[in-house]
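2 protein chains.
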Amino acid sequence: MSEYNDVKNAVEKLEIMQKKMAAYNHATGLLYFDSVTVAPKDTTAGRGQTMGILTEESYKVFVNDETPKLLEYLKQNEEQLDEKIKLQVKKLDEDYKKISNIPMDEYVQYNILINDAQSVWHEAKQKNDYLLFEPYLNKIVATVRKFATYLDNSKNPYDVWLNEYEKGLTMEVADEYFTALRAELVPLVHKVMSSKKKIDDSFSYKNYSVRKQEKLSDFLMEVLTIDRNHCNIGQTEHPFTINFNSNDVRITTHYHKNNLLSSMFSVIHEGGHALYELNCDDEYDFTALSGGTSMGIHESQSRFFENIIGRSRSFTNYLYPYLKKMFPVQFKDVTKVMLYEALNKSQPSLIRTEADELTYSLHVMVRYELEKRLINGSLSTKDLPAEWNRLYKEYLGVDVPNDTKGVLQDSHWSGGAIGYFPSYSLGSAYASQMLFHMK
Amino acid sequence: MSEYNDVKNAVEKLEIMQKKMAAYNHATGLLYFDSVTVAPKDTTAGRGQTMGILTEESYKVFVNDETPKLLEYLKQNEEQLDEKIKLQVKKLDEDYKKISNIPMDEYVQYNILINDAQSVWHEAKQKNDYLLFEPYLNKIVATVRKFATYLDNSKNPYDVWLNEYEKGLTMEVADEYFTALRAELVPLVHKVMSSKKKIDDSFSYKNYSVRKQEKLSDFLMEVLTIDRNHCNIGQTEHPFTINFNSNDVRITTHYHKNNLLSSMFSVIHEGGHALYELNCDDEYDFTALSGGTSMGIHESQSRFFENIIGRSRSFTNYLYPYLKKMFPVQFKDVTKVMLYEALNKSQPSLIRTEADELTYSLHVMVRYELEKRLINGSLSTKDLPAEWNRLYKEYLGVDVPNDTKGVLQDSHWSGGAIGYFPSYSLGSAYASQMLFHMK
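Here the protein sequences line up with chains E and Z, keeping their order. So for the first sequence, this note's numbering puts the first residue at 1280; every next one is plus one. So for the second sequence, this note's numbering puts the first residue at 1280; every next one is plus one.
Since the hints were made in silico from the structure, they are not lab data. It is possible that part of the hints are untrue.
Chain copies aren't distinguished; within one or between two, either way the pair holds.
To be verified - Below, in silico cross-link-like pairs of lysine to aspartate or glutamate (EDC-like), each with a Cα-Cα straight-line distance of 20 Å or less:
1) K1298 to E1335
2) K1446 to E1373
3) K1434 to E1373
4) K1603 to D1480
This one's a predicted model, so the numbers in the text were calculated from it and none came from an experiment.
I would like the entire structure built from these sequences, with the hints used as guidance.
Quick look at the structure:
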């Protein structure tokens, strides 16, 4: 005998539960956003306490005696549900099977750990002090590995996490994909490197004031048709996009005084993420279906805008007069062709977010190899920087001068996002396939 | 027979409850802070939903069957409690008697109303469109009046709210205080006005770039010994201070290009609030005792720094060389004496936060009279702007040119803070008494 005798009432309960979870996500997301944008430096402890309490409450809203009964009842009455509710039930059912296996206390402690780790990573990156961050990363890796067994004990832990960010992705698939990609990419990169044609992009490393770069960001967001009444831009150590709902999206960038293109491509990349969120149907808001269909598809939008639009001739034609006017001194001798070539210059380098289209996936492969070994226990966090540097030399031929420009460059691992990086490369591939079919 | 047989266990429950309430306060406080600092304009609805859900959860944490039993048990075992816990119980007991009388649904709806009203007030002020805001203020006044009856049905509603911000304050006391103050102030203001000595502060209305004013804010915060690792500064339409705990405080200011002293005194004023919070004992954090002892005492700190320090000769001596160096063009012909006189110039004006020490309380009296009549039903929100303008003419002798510089200037009413304004005047008086006893 079921407690639920009325589908309408059960659907209402389902909606209330999802709205509550969304409210907690909004709050904890905003706590994170605050911490990396405007919060004073030494405020991590109080925020951690709040994070812990709110994640515990949020966990209880979802994991309790009632939810499985509710989901079961709705599954049994599936034919009476409309398509969106059916999908919500399916997603929540999958999520429940995973989350309910994680003991609440471990779930809460992990969220507090992440809050602390993100703050420590920030300091470590600024101080070029990997050892400061290492104990936190070590705990994160151990927890992520353990949680993988909670989520699906039948799979390899790294496969579990690949699947979380891109459903169906496994090491087997990823290995095949990256092997094929590498076989094509590496000779091409070598060919480009040995070409007699040298592209002069030195103008892009002149002095560009942050104030003017901010204006450039405004211009780019306007060009991307991002509605500023629903999306704004902030500054963080590492650029990212966060959405509280499809009408409230924030992107961030990092301005470098001596690098015009770094923030420019960050804004276009994050702008692609923002457009995806802003253009999702409002009806998915406050449900388990919000936030896009997968991280690979999310990255397909960011990478589409970054590469296929942002590095195109048409975009260069549009951008050139603006830059020339905004930066008359720096662009004094720069022609439209020079700008186009600079936007498309291929050159193995240190920083993933600044990498060109061709070498970008090599950066991802480094991270993929390292994550795989970290999670599967064949690499310790202590040995990580040396391995990072070795692989950068092997894959990209560059010497990593310090950890700030090496293993500490990305924020993902400090946030527990292990298994995320392949999404960037998949997203780039999806974007190209989309272009192919659009043509 | 009680459910509690162990004081230690009961105290632990009390602490957990207070920590949960503090976590919700942190989250809703941050949602508010976000909304007035960096949030995109059209994001009020999603935030309102989150606010509604979190205030409901927070309400339930406090108002439930268990809390009265817990408080009763602790009161019965008072002799076993240490002083701080005793005070927590006392405060929570008082709060419970009030909050539990407000039906949860009304409590939640009011918080959603406030979220909306603050956003509408902001737009109304910028557009000089009082009618946009009026329906919201009307609802706020009605709710505040109704809630007063929930809090204490035996008192006049305005007395209930005066008491909320400054314990023991009543209209009787306030009337006596303001009458005495007015009797002294008005002739003094007239005397100053008719003095042959004219103070030239025109230099303070020259063009001051926001960027340089930001640097001045940094300087002021350093002079005030505000620890920037625990307190930072943002920009908002209306300056304020918010504390998430005693280690995480934020102040805001509003830069006006053609007014050096407006933001300067805002920073010093809010800096005083911040210092109070930052220097509270950490042990009060996450309890019902956090946030200072009363709003009058809070304002005594802000007003002490604003007036007694900020307008002193010693401070002028310290400030003058900095301003002269930072603004060489604007300060070309400005002497130290001219600066001191400008900081202390008395002149009836339109904006409370920019008012001099002498005329300041007249601004408060206008609001006090209007609030009293709004809450007690003898003034409608429709007639409010005309009455505002009439009283400004009567009390301060100035003509209010528009509602932006009139009834819409302060954010307090949009946040439901009716009964707060007298705290500013009391705080100024407390500050003077503190100085008197320090001397």
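query = Broken hints, numbered, in rising order?
reply = none
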